Every structure is written in structure tokens, then in C-alpha cells.
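Student: Sequence:
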Amino acid sequence: MQAIGLVLVLGGLGSVYALLYYLNKNTPKPEGCEEIESSCSGCHITSCGHHPSHNE
220 MQAIGLVLVL GGLGSVYALL YYLNKNTPKP EGCEEIESSC SGCHITSCGH
270 HPSHNE
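Numbered by this note's numbering, the letters in the sequence shown go through residues 220 to 275 in order.
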């Protein structure tokens, strides 16, 4: 009985994560955010999607 409860809880958490990921992906960018890439000269955070090293 505990295994069924565990599966239901983990399935619920996975479903909530998938729903929130989907909603976040489809949310439009606010005005002014589109211009960030053109003005970015780079910093020490290379994992950022706007870092110029990703354009190479």
C-alpha cells in the first residue's frame, strides 16, 4: 500500500513539474528583454544563454 502511495506522490510531482515547465516555456518575454543579446559583451558566467561564446 505504501508503494502505491509513493508512486502516486512521485507521479503527481512529476506532473506538476511538467505542467510548470510547459507553461514557463510558452510565456512570452517581457518588453525590453529582446535587446539583451545585442548589448551583452559577456561576463564570467559562461553558462548563460546570452553569453557571446554561444554564438561561435
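A portion of the hints provided could be inaccurate.
[Claimed, not checked] Computed Cβ-Cβ distance ranges for the label pairs, DEER-style:
1) TYR241 / HIS270: 43 to 51 Å
2) GLY268 / VAL235: 39 to 47 Å
3) GLY224 / THR246: 30 to 38 Å
4) GLY224 / LYS248: 18 to 26 Å
5) ILE223 / GLY251: 22 to 30 Å
6) GLY251 / GLN221: 47 to 55 Å
The hints are simulated quantities; they were obtained by calculation from the structure and are not laboratory data. This one's a predicted model, so the numbers in the text were calculated from it and none came from an experiment. Using N, Cα and C, we set each Cβ at its ideal position, and we do this for glycine too.
Student: The structure should be examined with respect to each hint, and the outcome stated for every one.
Tutor: Hint check:
no.: 1; hint: TYR241 / HIS270: 43 to 51 Å; result: violated (26 Å)
no.: 2; hint: GLY268 / VAL235: 39 to 47 Å; result: violated (25 Å)
no.: 3; hint: GLY224 / THR246: 30 to 38 Å; result: holds (33 Å)
no.: 4; hint: GLY224 / LYS248: 18 to 26 Å; result: violated (40 Å)
no.: 5; hint: ILE223 / GLY251: 22 to 30 Å; result: violated (49 Å)
no.: 6; hint: GLY251 / GLN221: 47 to 55 Å; result: holds (51 Å)
Going through the hint list in order, the structure does not satisfy hints 1, 2, 4, 5.
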